[in-house]
Amino acid sequence: MEGGDGGVSMAGRGAPGSGAAAATVRELLQDECYSDFLNEDFDVKTYTSQSIHQAVIAEQLAKLAQGISQLDKELHLQVVARHEDLLAQATGIESLEGVLQMMQTRIGALQGAVDRMKAKIIEPYNKIVARTAQLARLQVACDLLRRIIRILYLSKRLQGQLQGGSREITKAAQSLNELVIPPPLPTQQICNVRIESWFSLQLPEIIFLKE
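Take the position in the sequence shown, starting the count at 1, then add 24; the result is the number in our numbering.
Rather than coming from a laboratory, the hints here were simulated on the basis of the structure. Heads up, a few of these hints could be off.
As the list claims (entries may be wrong) - Here are the simulated distance ranges between beta carbons:
(1) GLU83 / VAL103: 51 to 59 Å
(2) ALA114 / SER59: 46 to 54 Å
(3) ARG161 / GLN125: 51 to 59 Å
Stated by the list, open to error - List time: in silico DSBU-like cross-link candidates among lysine-lysine, alpha-carbon distance up to 35 Å:
(4) LYS97 / LYS87
(5) LYS69 / LYS87
(6) LYS69 / LYS97
(7) LYS195 / LYS180
We treat Cβ as the ideally placed atom computed from N, Cα and C, and that holds for glycine.
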């Protein structure tokens with residue numbers, strides 16, 4: 025919009041030059057020598073072959089050189105007539121480049137902050153996972169040791185009860201039943217299993233941050 029308004033105002037101030045430029049452009053467009061170049065399907069090889077076939081190469085080259093010279097003159101006139109608008113657009117482009125550079129700097133800073141946040145999250149998470157696995161193994165080992173100690177105790181008690189004869193038969197049966205049926209899982213180990221389950225649910229989100 026700004027360039028368009030500027031172009032209108034400049035055209036108003038340079039009406040004679042603009043009229044001459046428009047006349048020159050119309051003249052070039054109406055010339056059959058240049059009409060081929062305006063076609064969307066213009067092909068250089070086809071145009072060259074036709075010029076060679078018609079034996080008008082020298083004439084075509086002279087005509088093209090004349091047209092290029094006219095276009096250069098008109099381009100120079102247009103630049104002179106609209107130099108203020110062109111300078112304003114160039115200044116706008118420089119300002120836009122500055123804004124883009126600032127945005128790139130801020131994006132880089134944001135990416136750095138994200139990377140630091142990842143490092144702060146992933147390292148503690150890995151430690152927690154390692155400690156949780158270690159705690160789970162320790163609890164399993166402790167549970168096995170408790171079971172072994174209980175089995176040894178019940179075996180020793182059962183041997184003493186069997187030596188007591190028929191008077192200890194009921195107690196011996198109870199001890200034998202305790203040997204066959206293991207005790208329930210300790211509450212502490214159940215809590216640890218719940219902790220491991222929670223981390224397994226959070227794992228995809230942590231992996232996403234890590235990647």
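How the hints compare with the structure:
Look at GLU83 against VAL103: about 31 Å separates their beta carbons, and that is not inside 51 to 59 Å. At roughly 34 Å, the beta-carbon separation of ALA114 and SER59 lies outside the given 46 to 54 Å, and the hint is violated. The beta-carbon spacing between ARG161 and GLN125, approximately 54 Å, falls within the hinted interval of 51 to 59 Å. Taking the CA atoms of LYS97 and LYS87, the gap is near 16 Å; set against the 35 Å cutoff, the hint holds.
In summary, the hint linking LYS69 to LYS87 is supported, as the alpha carbons are separated by about 18 Å, within the 35 Å threshold. For the proposed pair LYS69 and LYS97, the alpha carbon gap of about 28 Å is at most 35 Å, so the pair holds. Simply put, LYS195 and LYS180 have alpha-carbon atoms about 13 Å apart, close enough for the 35 Å limit, and the pair holds.
The structure fails hints 1 and 2 (numbered hints given earlier, in ascending order).
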